[in-house]
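Take the given structure of chain A and dock chain B to it, following the hints.
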Amino acid sequence: MHGRPRKAPKPEEEAASVAKAQKLHALQTQFFSFHHNKIYTKEAVELSAKLLEINPESYTAWNYRKLAVEHYLSQPDCNPDWIKSFLDDELRVVENALRQNFKSYGAWHHRKWVISKGHSSIDNELRLLDKFQKADSRNFHAWNYRRFVAESMKRSEQDELKYTEDMIYKNFSNYSAWHNRSVLLSALFEKKAEGFLSKEKVLPEEYEFIHQAIFTDPDDQSGWFYHLWLLDQTVTTDSPLLASSWPGHGYDVFLVEDRCYNGSAFSPFTALHSDSGSFPIVLYFNQPVGGVSSSTVTVECGFNKNEDLLWKPLSASNSQTARVWVAHLKIPSSDLLSTVEVSVGHSKGIISTRGFEYSHPSMFSFKVHVQPMERDFSQVSVAESISLREENFKIYGSQSEESIINSFNQLSIKNGHESTASNWRSEALAKEIECFRELLSLMDCKIGKLTLARLLMAYDVMSYPFANKLVHSEEVLELCSDLMKLDPTHYQYYKDEHSMVLLQKVTSSKESLLQHCFQYKDSVSSAICGPICLRLNNLSLSRMGAFEKLLWVQMLDLSHNELQSIEGLEAMQLLSCLSLRNNKLRSLTALEPLRKLKLLRVLDISYNQIGDHSIDTTRYLCSSPLSHSVGSESNKDETVTSDVALIDNWEAFYIFKDFNLNQLEIVGNTIADEKFKSVLVKIMPKLKQLDGKLLG
Amino acid sequence: MESFRSLTVTQRDQILVEQQVFDIFKTFYNLPPSSQSFMLELQRENHVEYLTKGLTGLGPSFCVLDANRPWICYWILHSIALLDEFVDPELEDNTIDFLSRCQGPNGGYAGGPGQMPHLATTYAAVNSLVTLGGEKALSSINREKLYMFLRQMKDASGGFRMHDGGEIDVRACYTAISVASLLNILDDELVQNVGNYILSCQTYEGGISGEPGSEAHGGYTFCGLATMILINEVDSLDLSGLTDWVVFRQGVEGGFQGRTNKLVDGCYSFWQGGIFALLKRLNSTKEVKPIPLGDGEGSGEESPQTTTSSDAAGEEGLNGDLSLGGSHSEIGDQHNTSSQDNVIDIDHNHSKGHANVEPLFNSLALQQYILLCSQELNGGLRDKPGKSRDHYHTCYCLSGLSVCQRSWLEDEDSPPLPRAVLGPYSNLLEPIHPLYNVVLDRYREAYEFFTKS
Numbered sequence: 001m002h003g004r005p006r007k008a009p010k011p012e013e014e015a016a017s018v019a020k021a022q023k024l025h026a027l028q029t030q031f032f033s034f035h036h037n038k039i040y041t042k043e044a045v046e047l048s049a050k051l052l053e054i055n056p057e058s059y060t061a062w063n064y065r066k067l068a069v070e071h072y073l074s075q076p077d078c079n080p081d082w083i084k085s086f087l088d089d090e091l092r093v094v095e096n097a098l099r100q101n102f103k104s105y106g107a108w109h110h111r112k113w114v115i116s117k118g119h120s121s122i123d124n125e126l127r128l129l130d131k132f133q134k135a136d137s138r139n140f141h142a143w144n145y146r147r148f149v150a151e152s153m154k155r156s157e158q159d160e161l162k163y164t165e166d167m168i169y170k171n172f173s174n175y176s177a178w179h180n181r182s183v184l185l186s187a188l189f190e191k192k193a194e195g196f197l198s199k200e201k202v203l204p205e206e207y208e209f210i211h212q213a214i215f216t217d218p219d220d221q222s223g224w225f226y227h228l229w230l231l232d233q234t235v236t237t238d239s240p241l242l243a244s245s246w247p248g249h250g251y252d253v254f255l256v257e258d259r260c261y262n263g264s265a266f267s268p269f270t271a272l273h274s275d276s277g278s279f280p281i282v283l284y285f286n287q288p289v290g291g292v293s294s295s296t297v298t299v300e301c302g303f304n305k306n307e308d309l310l311w312k313p314l315s316a317s318n319s320q321t322a323r324v325w326v327a328h329l330k331i332p333s334s335d336l337l338s339t340v341e342v343s344v345g346h347s348k349g350i351i352s353t354r355g356f357e358y359s360h361p362s363m364f365s366f367k368v369h370v371q372p373m374e375r376d377f378s379q380v381s382v383a384e385s386i387s388l389r390e391e392n393f394k395i396y397g398s399q400s401e402e403s404i405i406n407s408f409n410q411l412s413i414k415n416g417h418e419s420t421a422s423n424w425r426s427e428a429l430a431k432e433i434e435c436f437r438e439l440l441s442l443m444d445c446k447i448g449k450l451t452l453a454r455l456l457m458a459y460d461v462m463s464y465p466f467a468n469k470l471v472h473s474e475e476v477l478e479l480c481s482d483l484m485k486l487d488p489t490h491y492q493y494y495k496d497e498h499s500m501v502l503l504q505k506v507t508s509s510k511e512s513l514l515q516h517c518f519q520y521k522d523s524v525s526s527a528i529c530g531p532i533c534l535r536l537n538n539l540s541l542s543r544m545g546a547f548e549k550l551l552w553v554q555m556l557d558l559s560h561n562e563l564q565s566i567e568g569l570e571a572m573q574l575l576s577c578l579s580l581r582n583n584k585l586r587s588l589t590a591l592e593p594l595r596k597l598k599l600l601r602v603l604d605i606s607y608n609q610i611g612d613h614s615i616d617t618t619r620y621l622c623s624s625p626l627s628h629s630v631g632s633e634s635n636k637d638e639t640v641t642s643d644v645a646l647i648d649n650w651e652a653f654y655i656f657k658d659f660n661l662n663q664l665e666i667v668g669n670t671i672a673d674e675k676f677k678s679v680l681v682k683i684m685p686k687l688k689q690l691d692g693k694l695l696g
Numbered sequence: 001m002e003s004f005r006s007l008t009v010t011q012r013d014q015i016l017v018e019q020q021v022f023d024i025f026k027t028f029y030n031l032p033p034s035s036q037s038f039m040l041e042l043q044r045e046n047h048v049e050y051l052t053k054g055l056t057g058l059g060p061s062f063c064v065l066d067a068n069r070p071w072i073c074y075w076i077l078h079s080i081a082l083l084d085e086f087v088d089p090e091l092e093d094n095t096i097d098f099l100s101r102c103q104g105p106n107g108g109y110a111g112g113p114g115q116m117p118h119l120a121t122t123y124a125a126v127n128s129l130v131t132l133g134g135e136k137a138l139s140s141i142n143r144e145k146l147y148m149f150l151r152q153m154k155d156a157s158g159g160f161r162m163h164d165g166g167e168i169d170v171r172a173c174y175t176a177i178s179v180a181s182l183l184n185i186l187d188d189e190l191v192q193n194v195g196n197y198i199l200s201c202q203t204y205e206g207g208i209s210g211e212p213g214s215e216a217h218g219g220y221t222f223c224g225l226a227t228m229i230l231i232n233e234v235d236s237l238d239l240s241g242l243t244d245w246v247v248f249r250q251g252v253e254g255g256f257q258g259r260t261n262k263l264v265d266g267c268y269s270f271w272q273g274g275i276f277a278l279l280k281r282l283n284s285t286k287e288v289k290p291i292p293l294g295d296g297e298g299s300g301e302e303s304p305q306t307t308t309s310s311d312a313a314g315e316e317g318l319n320g321d322l323s324l325g326g327s328h329s330e331i332g333d334q335h336n337t338s339s340q341d342n343v344i345d346i347d348h349n350h351s352k353g354h355a356n357v358e359p360l361f362n363s364l365a366l367q368q369y370i371l372l373c374s375q376e377l378n379g380g381l382r383d384k385p386g387k388s389r390d391h392y393h394t395c396y397c398l399s400g401l402s403v404c405q406r407s408w409l410e411d412e413d414s415p416p417l418p419r420a421v422l423g424p425y426s427n428l429l430e431p432i433h434p435l436y437n438v439v440l441d442r443y444r445e446a447y448e449f450f451t452k453s
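Residue numbers (the working numbering), protein chains in the order written: chain A, 1 to 696; chain B, 1 to 453.
Derived by calculation from the structure, the hints in this document are not laboratory data.
Since this is a predicted model, take the numbers as computed values, not measurements.
Hints are supplied without guarantee of correctness; some may be wrong.
The calculated label-pair distances, taken between Cβ atoms and stated as ranges, are [said to hold, decoys possible]:
{"hint": "1", "chain 1": "A", "residue 1": "E165", "chain 2": "B", "residue 2": "Y425", "range": "24 to 32 Å"}
{"hint": "2", "chain 1": "B", "residue 1": "R444", "chain 2": "A", "residue 2": "S319", "range": "30 to 38 Å"}
{"hint": "3", "chain 1": "B", "residue 1": "E144", "chain 2": "A", "residue 2": "K686", "range": "44 to 52 Å"}
{"hint": "4", "chain 1": "B", "residue 1": "G134", "chain 2": "A", "residue 2": "A16", "range": "37 to 45 Å"}
{"hint": "5", "chain 1": "A", "residue 1": "H71", "chain 2": "B", "residue 2": "E144", "range": "30 to 38 Å"}
{"hint": "6", "chain 1": "B", "residue 1": "F86", "chain 2": "A", "residue 2": "T29", "range": "32 to 40 Å"}
{"hint": "7", "chain 1": "B", "residue 1": "M39", "chain 2": "A", "residue 2": "K431", "range": "45 to 53 Å"}
{"hint": "8", "chain 1": "B", "residue 1": "T27", "chain 2": "A", "residue 2": "A430", "range": "45 to 53 Å"}
{"hint": "9", "chain 1": "A", "residue 1": "Q30", "chain 2": "B", "residue 2": "D188", "range": "41 to 49 Å"}
Cβ coordinates follow ideal geometry from the N, Cα and C atoms, glycine included.
Isolated chain A, as found in the complex:
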């Protein structure tokens, strides 16, 4: 048995255990014969009890006893006394079995069954629980049963809360008790029970409580988990909010049917090339939501109500919830100027994945100017090649400062709703920050640093939700750098956090963002062809973020970073030109977010690691559940299955088939040999230029 030293058994012990096994065998044979013949006499039922005492795992015997009880209860002469004595018997058998094995699924389940018959008393059950929870305070069967009893026998959450407190005082490392506390508090908040109407009073006390544990031993993990839960309760607003949109409120959008903007007539931030007269409207929520549709979001354009506008979720998976939703609005080219009004959530139906209703209806409007094509079409259609080379960029700002700033101002996010941060939340965070600074002054503690970094970020976001002020970002960046050194095993995680904070910082003010805005100017032609390019190159980013502030970007330079993933980039629906040169992308599937970017025309993924780590896609054969969706999709396409080269490159097919690229750079990846390139050309017949070579 666990924990006891083993000794060779003495002969007489061995004999005894053989006898025991024989006895069990005899019992069992007898039991099965009763069971199969549906014999429920007193002797038969007692025999099953004996069997269960020896082996509580005998689930067949538990079921037999249920049948026996039902059998007696259905007898015509059955009276309440009888019922009581039967059920008492069951409770006794369960208790004996638990004494033998307090982790027996069958025994606990049988007890629930008895209780659900309305038998036993809460005191009785609490007494039993107390006994087993003392013996093993982490026994999850007992905790599950406790929650069951408390609920079915209507014990108040407050009493149970007190119990967790007692358990925690006995052993503050008992995570099961902390966990149950979070479950109970969640229930109380949800019910809006008296004293728990607002989190405002409760959470500060909980912080107080957890500090005792954390300060007693900062290395104990139980407290940290609970602290993380508290932080989440403090920060998370239940109902989802619209964090940003494109176009934003008050924008002047210029739809240009022609490639070149001819200089400064329009704001380069909001001019958009469109052949079809349609453009995307993007809604960015602060958490994933479902239910965005033309009935929950109305888009009015002049006298047109666009009731058939199709909203699509932008998420990596095919789920029907996402933070980002997009619809394409078509403006008739006869309307040279239209005003568009978008109202979000005035009728119910937008719901977060956690089940909360969008409850801050908001409205934004913008103007759309259509600029019809003026030039001869042939002039434009010559494939213009875009090269994101240093020499082709000019820092933005050489032009009249005034107009730039004005256009930039339009980008800031102003939504109808005001900040939902209530004071107590930021106060609670401020207190925590102070407390953790104190802890860190006493000792060096990784988790303490990480928590402080999280608190500071949460505080900034909460205090200045739309003002874009990040007063603590320097400190957070320092903490992340520190942690990378202190805890190299989790380097990558801290690095990611560092990247996210850095991006928040860059995008937090127009001054800092403008430093990254460049004008693209082809060295060959003198015309300024194209919008502003946001250059976030050479920042050693390992992750991309701050998308909610970058929805306007059409040209993005992320070259010379350390990106392994570009998750989230699908939100940037206006992207037409993207450089990911010199990053650490390892596979074509990492490019998946780009499949959702319908305007993307120029892509540079040269000098990554695609193909360095070959992946055998046949690994799980076709039954691969992991490739289900992919496999079935590509099978529909006849042209593919008939072409061996494409079958061998199904990943490339899957990723690139939806692209509308004119220009692709893929040189410098292991995968990019001549054969592969010829496959690409087949997959993307519209491609005009590959690795700098014009395609015929």
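Relative to chain A, chain B alone:
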């Protein structure tokens, strides 16, 4: 408020375990290299001998396992297959016959002849037969009836019951879906709403609990994640939260704990380690954010769980629980601790670089824990030093070791680099299919068989 005592029982237990483990590591480091490599050697012959003995006859102490006999078959047969050994044909025949007697007239497999069919033992029986392989074993499974049994176990809520009138939990969902998938009988009826049930069990810690409201647990997290992958709904889980959680279940000992602030236990080498094998694959097909972290790392991590079981007899327990994790019986919690940073660093060759994909956990540290702390030199593996070996832990420590050895690889079919395998290269075990935990070749054979028929 009263104040906390400064050292909890949990912490004391954790410190004791750490001392024991670190003593072993210290002794190891002070040995000359030749003895070190002996210590790191997987004692294949002794393990096979221990396992084979278990298959032919178990002592009377196994009474409590009477309702789990197909599990004993699976633990032993799978372990033997991992070691690339075979059982002799007569024994193989007997095993198939025995399992056939466990198969109920209305489908599914029971814990023993005459008992009611049960999902966990059905999983164990099917995995055993797949592991044995061959026409006789595979065709002995009555798939039509088994499908009917699974339908009967399906609850209106979407989850599954372990047996008629039994409990509904994540384990039941996994065993049902895994079996259906392996036998190629998975359909929409079985899948319906299972995903929602699993989602309701993911906790704010990031891991998955056995039933709604309970705390996250390694065995259930494996079961829940594998189920979601099998039904193609894995994207609805909070995968980065899950990754955060599981990464920090690896403790200073090198092994994994099963729940927050519990003691290390060898069997989580698979339940938690297998999660990484699944995540790695998800990563290569879509980019899941690979980096985790979360919680408190700090602490020492510890581990084990308690799950179930009873163990009685010298061996573990298992019992009932099946599938899941475990056995163990410890009492109490244990604790935590501290550990500051004295992580004993094992990795001689810590590959921070390329090689293939760097795993999200410390694979060499886990291998070191398994080989030095879980392995009994005369055969069998165990929870932790001071505990006894048993078939359950032998099976899941070896499964975890196999996962570790390939944790850098993206492709199971090519052999790992020598530096990915701790100890002599002869320690290399057969690769497994991490969704089902059967040896990959056997899975392929079964896949062909059940696709054709």
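Status of each hint after checking the structure:
1. The beta-carbon spacing between A/E165 and B/Y425, approximately 54 Å, falls outside the hinted interval of 24 to 32 Å.
2. Between B/R444 and A/S319, the C-beta spacing of about 31 Å keeps the proposed range 30 to 38 Å intact.
3. Between B/E144 and A/K686 the beta carbon distance is about 51 Å. The supplied range of 44 to 52 Å therefore holds.
4. Taking 37 to 45 Å as the suggested C-beta distance range, the pair B/G134 and A/A16 conforms, at roughly 41 Å.
5. A hinted range of 30 to 38 Å for the beta carbons of A/H71 and B/E144 is consistent with their spacing of about 32 Å.
6. For the pair B/F86 and A/T29, the supplied restraint of 32 to 40 Å holds, since their beta-carbon distance comes to about 34 Å.
7. Look at B/M39 against A/K431: about 52 Å separates their beta carbons, and that is inside 45 to 53 Å.
8. A beta carbon spacing of about 50 Å between B/T27 and A/A430 agrees with the range 45 to 53 Å that was offered as a hint.
9. Taking the beta carbon of each, A/Q30 and B/D188 are about 44 Å apart, inside 41 to 49 Å as hinted.
The structure shown violates just one earlier hint, number 1.
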